[in-house]
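Fit chain B to the known structure of chain A by using the hints.
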Amino acid sequence: MRVGVKLLLVVVAVTAAGVLIGFYVSNLTTLAGSPAYSVPVSGTPSHPVVYLKIQTVPAVGPKLSQNPDWVSYLILTKSGWKRETVWNLPANATVHVTDYNFDSASGLRNPYLARPQGIVGNRVLIDGKPADHIDPNSASHTFAVPALGIIVAFPGVAANAKNQCGAAPCTLAMAHTTTQFVFHTTTPGHFRWQCFVPCAAGWIFGNGGPMQTIGYMDGFLNVKA
Amino acid sequence: MASEPTAAAPPVDSTNHGLRVVVAWLVLSAIATPLVAIYVGPLIPPGNGSVQAQGQVFDNQVMTSLMTPVLCLMAVFFAYGLIKFHARRSEAVLDGPPLRNDARVQLLWIVITSTMVLFLAGFGTYELLKDGAGGGQGPNPIALPAGHQSAFQVQVIGQQWQFTYRYPSFGGLESNELYLPENTLVELHVTSLDVIHSFWAYELGVKADANPGVDNVAYVTTKGPLTFHVRCAELCGLWHGYMYNNGYVVSDAQFHSWAAQQMRLYASIKPFMDKPASQGGAPYALSYFPAPGGGPPQVRAG
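Those protein sequence lines, which keep their order, are chains A and B. Counting in the working numbering, the first sequence runs from 1 upward without gaps. Counting in the working numbering, the second sequence runs from 1001 upward without gaps.
None of these hints come from the bench; they were simulated from the model. For each residue, glycine too, the CB sits at the ideal point set by N, CA and C. Do not take every clue at face value.
Lysine to any residue pairs mimicking SDA-like chemistry, simulated, CA-CA at most 20 Å apart [stated by the list, open to error]:
hint, chain 1, residue 1, chain 2, residue 2
1, B, K1270, A, V39
2, B, K1223, B, E1177
3, B, K1130, B, L1099
4, B, K1270, A, K162
5, B, K1223, B, F1077
6, B, K1270, A, K224
7, B, K1270, A, T98
8, B, K1270, A, N122
9, B, K1270, A, G121
10, B, K1270, A, Q117
11, A, K129, A, N110
12, B, K1270, A, D132
13, B, K1270, A, G118
14, B, K1270, A, M174
15, A, K224, A, V39
16, B, K1270, A, V11
17, A, K162, A, G149
18, B, K1223, B, S1268
19, B, K1270, A, A167
20, B, K1270, A, N137
21, B, K1270, A, G107
22, B, K1223, B, T1184
23, A, K129, B, S1268
Facing chain A, according to a computed beta carbon distance under 8 Å, are these residues of chain B, among others [unchecked claim]:
hint, residue
24, S1014
25, V1040
26, F1078
27, Y1080
28, I1157
29, Q1159
30, L1193
31, V1195
32, G1237
33, H1240
34, L1265
35, F1272
Here chain A stands alone, though its shape is the one from the complex (with noise of 0.2 Å):
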C-alpha cells in the first residue's frame, strides 16, 4: 500500500474517531437519551408557573430500581411518582417546589448549608411554618442547584416516629415532613442539581453510589426558552 494511501486511512480513522468521541462526549453532558420528565406549565407564556411535586425516600424499593437499598428523590408526575431527575423546565419561571420527606436525619457535613439561599425570600415552610434555616444536624437531604445559588435542606423524620416508609412507594399517611419554597429559573441553562447531605448509607464518605449516580440523588434542571 502507497504511503499517501497510508496516511490517507490514518486521517480518516482519526476524524472519525473524534467525531464519535465528541458525539459521545456531547450526548454525555447534556444528558441527551436520558428520560428527562417536562413538568407541566400553567401561567401565562410570559410569566411560566411550574408546580414541582418530589419526594425523598430512604429506600427507592425493588419497583422503582434495580438497587432497592439506595436513597433516591422521587418525582409526581401524571403517571405518578418516578424515578426520574432530569427535569425540563421554562425559563423565567416561577417554580413552587414541595417536597415530602420520608427520610431520617443524617446531618449536614458543613452547617452553613442549612441556610435556604437562592429561593424566593430565603425562606421555607416547614410542615407550614416559615423558617430562615434548620438545625443542621435535623438534615437529612438537599434540594441544591450550586450554579443558580440554589441551597434548600430538608428536615428529617425523627427516628422515633411512628409509620415510617422503609422504601419506596411511601404514601402522605406515613411519617414525613414537607417543605415548600419558590424559586424562579434563568435563562436557558443546563444546570446540575445534587443533595449536599452525605446520605449514602454504606458508601465511603456517605457520598458514593446514589450520590454519585444520576437518577437518585443527582440530575440536572434544563432550562428552555
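Chain B alone, transformed into the frame defined by chain A:
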C-alpha cells in the same frame, strides 16, 4: 583480460556544514528570541490578575525566551539536514561516513545543557521562595511574602461538589461566593470536608490542594477589580466538572458592603457555626489548625 569494475568514490565535500548551521541558528535566534520575549511571553497564562499571577507570567516569559534558541537550533539542524543531505531519486543509496567521537562537541553539550538546567533550577527556586508563587505550601508555609503577619485570611472549604469560603475577620462569615478586596495580601487556608479537591483560582494564579484534615496555606496579593474563575483541579467525583464558579476582586467599599449584606443573611445560621464540632457545630475552626495529636481543630491565636 578485462579488469574488475570498481565503485566510484563519492566526491569529497569540503563545505563546512557545522558553521552554516551555527550561523543560521544565531541569526534565527537573534530574530526569534526578542520577538517571543516581547510578544508571546506576556500572552502566556494566567495573566496579570494578581501579583503572583504576574510573577508566573514573568517566569513563563523567561523560560519561553530561554527555550526559543533551543527550538531554533533543533529547527535549523532538522531543516538543514533535510535539505542538504536527503538522497535524490536518481542517486544510489550509499552508506554515509562513520560517526566518530568528538570530545569538544560532547563537552560543549554538557556545559550548555547543565548551565541551562542549573540556571532554571536556581531561578525557579528563587521565584518560588519569594512569595510562594500562589501555590499551596501546606500547614507551615516557608515562602512568606512581606507583610504576611497582617494578611487578610480566607478559609476555602471544598466538599463534593462546591467550594465555600469563610472570613474569620467577619465573625466567621461563610459564603458560597468568593469576594476579595483589591490590593490586599490574602492568606488562603484551603481544606476539604470529604475527599481531595484542588482550589484553582485561575486568573489569580492560585492553585492549592484541598485535603481533608489539612490546612494548606497559599498567599495571593490582589490587584485591581477583577472577575476570576474558580475551578476544582482534582478529579473528585460525579460533579467534578461542574465544580466551578466565579470569584470577584472588588474595591474595599464594595467588599464591606457585600460582607455587611452577607452578615445579615448569615445571622440565622451563625449560632450553629459557632458551636464546637463536638456539639454539632462547624467541623472546622475559623482558621483550621488541627490540634496536636488529633482532637478538634483549634483557632489560631492572634
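Satisfaction of the Q1159/B interface hint, Cβ to chain A closer than 8 Å: 6 Å, holds
Below or equal to 20 Å on CA atoms is what counts here, so check K1223/B against S1268/B. Violated, at about 33 Å.
Does N122/A sit within 20 Å of K1270/B, going by the straight-line distance between their CA atoms? 15 Å, holds
At a threshold of 8 Å, is the proposed contact between H1240/B and chain A supported by beta-carbon distances? Since chain A brings no Cβ nearer than about 10 Å to H1240/B, farther than 8 Å, the hint is violated.
Once the shortest beta carbon distance from I1157/B to chain A is found, is it less than 8 Å? 7 Å, holds
Mind checking the CB of F1272/B against every CB in chain A and telling me if the closest is under 8 Å? Holds, because the Cβ-Cβ distance from F1272/B to chain A comes to roughly 5 Å (cut-off 8 Å).
Holds or violated: K1270/B with G107/A, Cα cutoff 20 Å? 16 Å, holds
Hint check: K162/A vs G149/A, CA-CA at most 20 Å. Holds or violated? Roughly 35 Å between the alpha carbons, so the hint for K162/A and G149/A is violated.
Minimum Cβ distance from G1237/B to chain A below 8 Å? 6 Å, holds
Quickly compare the C-alpha distance for K129/A and S1268/B to 20 Å and report which way the hint goes. 16 Å, holds
Just to be careful, I want the Cα atoms of K1130/B and L1099/B compared with a cutoff of 20 Å; is the pair within it? 47 Å, violated
Proposed proximity, T1184/B with K1223/B (alpha carbon, max 20 Å): 7 Å, holds
Hints 1, 3, 4, 5, 6, 7, 11, 14, 16, 17, 18, 19, 24, 25, 26, 27, 33 from the list above are not met by this structure, while the remaining hints are.
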